[in-house]
Each structure stands twice: as C-alpha cells, then as structure tokens.
Amino acid sequence: MKNSKTTAHHSAKKAPKPESSASLAWKRVQLARHPQRPFALDYIEKIFTGFTEIHGDRAFGDDHATITGFAYLDEQPVVVVAQQKGRDTKENIKRNFGMPHPEGYRKAMRVMKMAEKFKKPVIAFIDTPGAYPGLGAEERGQAEAIARNLLEMAKLRTPVIAVVIGEGGSGGALGIGVANKVLMMENSIYSVISPEGCAAILWNDREMIQQASDVLRLTAEDLLSFKIIDEIVPEPEGGAHLDHDRAAQNLKKALEKTLKPLLALSPTALEAQRYEKFRAMGVFQEK
Amino acid sequence: MVWYKNPKKGITKTLGKKQVRVPEGLYAKCKGCSAILYNKELDKNYKVCPKCGYHYQLSSLERLYLTVDSGTFEEFDEQLVPKNPLNFPEYEEKVKKGQEKTKMPEAVVTGLGKIHGQPASVAITDFQFMGGSMGSVVGEKITRAIERAIEKKIGMVIVSASGGGARMQEGIYSLMQMAKISAALGRLDEAGLPYISVLTDPTAGGVAASFGMLGDVNLAEPGAMIGFAGPRVIEQTIRQKLPKGFQRSEFLVDHGFVDAIVPRSFMKETLGKYLKFFKP
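Those sequence lines, one after another, are chains A and B. Residues 1 to 287 in our numbering are what the first sequence spells out, letter by letter. Residues 1001 to 1280 in our numbering are what the second sequence spells out, letter by letter.
If you are wondering where the hints come from, they were derived from the structure by calculation, not from laboratory data. The reader is advised that the hints may include incorrect statements.
Claimed, not checked - Just so you have them, the derived chain B footprint on chain A, three or more residues with Cβ under 8 Å: (1) 56 to 64; (2) 137 to 148; (3) 188 to 194; (4) 223 to 229.
Said to hold, decoys possible - From the structure, some residues in chain B lie toward chain A, with a derived Cβ separation under 10 Å: (5) Tyr1054; (6) Phe1073; (7) Asp1077.
Here a beta-carbon is modelled for each residue, glycine too, at the ideal position from N, C-alpha and C.
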C-alpha cells in the first residue's frame, strides 16, 4: 500500500510547498515540537527559584518523563508537576520522548495531594506527544492512572494552574491538566489525537498531516475561542526556541497574574470553580 | 485430498461472511471456537456461544433489555443530538450512519431503572455508533446520569462498549468530556454512592481512561478487549509481538484493574447484589 503511493509523494517532494503557504496550524505543530523549544526544566529553571525535585510514585517506580518537585514563584511556594522531553537522543531515551508511564501520573497525583495537604498551589507544565502506549504501561494500568488523576484533580482543594508549553497530547496531557486556569504558550498545541493519527484514520495516509492539523483545530487561538483554555501566553517573534529567556519571562508574568486571584479563593470555591469550568465544556443541540 | 479440501474452504468462507452479519443470518460460525451456531439459539443464550462462551457484542438496547428489569426503565436526555463544532469533514454523515444503524440519536442511552430490583441510574454505550466513541453528547448524557444518581441518592451503572474512546471528530471537546465525567464521578463518590463500571468488548482510549476504570467495582465480560492504547499502536511503538491474551479481561484481573469477570448471564444478578450491598 505504501509503495503505490510513493510516486505521488515523490512528485510532491520535488515541488515543495513554499513555507508561506503552509497552514498556520501546521506551522504551530512544527514549532510545538521544535527540538530547540524550551522544555519544562528550562522554564522551571528560569521562572522559579530553589527548585527541588522529588521522585517516585511509592508503588512501582519513578517516571523520567514526569518531573515533580517544589519551588518558589517569587516568594510564593508552589508545587511543580511537569512533562519533560529530551533535547538529544540520549536524553530523549531517558525521558521516553516525554511520554509518561502510569507511575508518572501517580507520582504527579502524589505531589498534588501533598500540595493540597500543605496548602500550596500546583503549577503543571504540559508537554507530551501522549501517554506511552507500551506493554508495561498497559500492565500497570495507564488508563486507570489517567482516569484517577482526572477524578482527583477535579477535587483538589488548592489552586491548580496548567500550562501547555509544547505538545498537549490527548489524555496524556489532560492527565495533569484538570486545572482552575489553563494557559497555552502561543505556539503550543492541544489535541484529542495527533495530526498523524488523525490523518491515518481520515485519509489512511500519514502524509496528510498538514490537512489533519487544520481540521483538528488544535492551536491556542482555536482553544481560546472554544473557551477550553483561559489565556494565550505570547512567545518571542519566530517562536520560543529563538529566545528562551523571553518566553520564560512572559510565562512567569502570566503565572503571577493568574495565581494571585486564585490564592484569594477558598478551597471550596476553588473546587467549585474547577468543577463548573469542565462541567460547561461540550457543544450539542437539545431538541 | 483435493476434493475434500476445496469444498471445506468454500463452506468456511460463506459461513465466515455470515458471521460478520450476526444476528441476521440463520446460522453463524462462532468467532471464538468456529462452531456452527443456530442464531436463534445464540440469541436465547444472551448472544454467548453455548459451546465456548464467546461473548458477542451487544447493542445498547439489547444490553438494556438484559440488564434492566422489564418495564422499569425510563429514558432521559434522548433529545440531545450532536453538532459539528469543528466543522469536521464527514462528521454529519458518520453520525447519520450511526443513527441509522443503531436507531439511537447518539452512542449512549441513559436513564433510570431497576436492576434486579435495585434502583440505579444507567448509561450504556453502543459500539455500533461510531465505535461507541465519546463526543459532547455522550459526555453530557453520562454526566447528567451521574448527577441524577446523586440527586436520587442511588447507584450508578455504566456499561462501556467504546473502542473509539474520545471522538476525534469533536476534537478537544471530546477530550474534555473525560474530565467532565470523571469530575462528576468524584462528586458521586463524595456523596457515598456506588459506581459500578461494566467493561465490555471493546473499551479503550479516553473511555477506559475516564469512567471505564473509575468504578468502585470494575466488572468485565469474559474475553473483552480493555486497554488504553490499541494493540496495533503498541506493536508499532515497541516493535514486538504482544503476548496472547494481552488487554483481555483476564489480563486486567491478573494485573489488578478489574475486580471480577462476570459472564453475561450472571451480570444482572451480580449488579443487583452490589447495588444492594452498597445501598446508602
């Protein structure tokens, strides 16, 4: 099947579409996955002070695609949950290309419960192609781990902010994304399925990813217009990968601004606001 | 040898075709053991092969008939129909096809009824409707069903048959239904009310990773495919063959994610028992 399509692809390659004609969504997908883009640890280092990482889900092991720890945002102690990609092959193997195993979601829940106990806000950095689809992940209950986080995050009696910094890959992203406020970096994406997966299902052709990126409506602007996210954080011109400091500065400002009013809310009000936020999501017709 | 082999092949083929159309034909070849089954007999046996116990998929309505006490079911929210919020190509056609196939407005039926004498709020998804996938309507109907359980102070039973998971055609809205339903289940939990999740073939993706796995008790039908990622995706990712029985009900019991495997003929009674025990 692949072979029969080779000729068509070949001719397409011969005359590449000029960069400017590529769709905005597709450009965003490429920027969101850019290997030089700031990853969670870059932001953590530039935004917070005194970051201390803690490890392990207390049940199976430590997931290296998920980072958890404590830090200060200015004077405010915060609990950090983050998905981490690697910049080179070696690091990517360690980080499993940013694809968490169940123990990653369970570790994240462990520290979020701690955040609740010690009355500290949670800041979650989302950057994953998706939860890892593997043998061990299934054996250890990837579906259960994500489901549990959705239920428990909704109940947390402490402020939760989530930021999509790169790829928001479906359930793997949402697994740390049930927040009072959800922000997206300007060039990040958030989608129910990868453009590749969508193209394979729709057109049986993984090369149709540009079109798939368009139909999925996965840009920050799309999600803001759908009221799925609350704010878009501007990136330096050309993308965050060109100026990590500026991108981090912008995000820091947005986090400070977002966190302040949340800290004034009672635990009950926080829980209620988060519940209502997600309760309202969905578009349907009631005849 | 030749005269013997060929006709046999022929028979297998025609029967093989019929098997796809169960239960329309008169006979079917069992998907599990290849036994030739009289379809009426199969129907009488809850669509379970009397020889090997293979559980055929059921429609929501068939499941409803087998699960809820006769004459007690009151359907809710059947007026909810999907929109096409992303203007996704061919979505309306797919919905229409699903509606024609299932005679249902969407991939889930919800309502109140009694199961083995116990009142419950019930939701049943239908694999024949776009793979039982979850869009805004499925999310909203199930959430309302959970809220109804809280309001009436009764238990919640959701039967999942959703290989599709979150519905691609509604994009991010579908994904968010996972959070919406899970949050509602959290409230049910805090109200001290039981939720029993019944996992049937197949339950995967965003459905497994939300209400599928969140039961106080998770029950599964024998041999059902239950998992997060599809087996093909996993094989492509790890580049190795998956072991036999991977992601089947028995595998999930072995790994601690399903409490019990319940054959279809015992499901109603079993649900009734749990609902009675957990009654507030």
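Hints, one by one, checked against the model:
no., hint, in the structure
1, 56 to 64, "violated (count 0)"
2, 137 to 148, "holds (count 11)"
3, 188 to 194, "holds (count 4)"
4, 223 to 229, "holds (count 3)"
5, Tyr1054, "violated (23 Å)"
6, Phe1073, "violated (21 Å)"
7, Asp1077, "holds (8 Å)"
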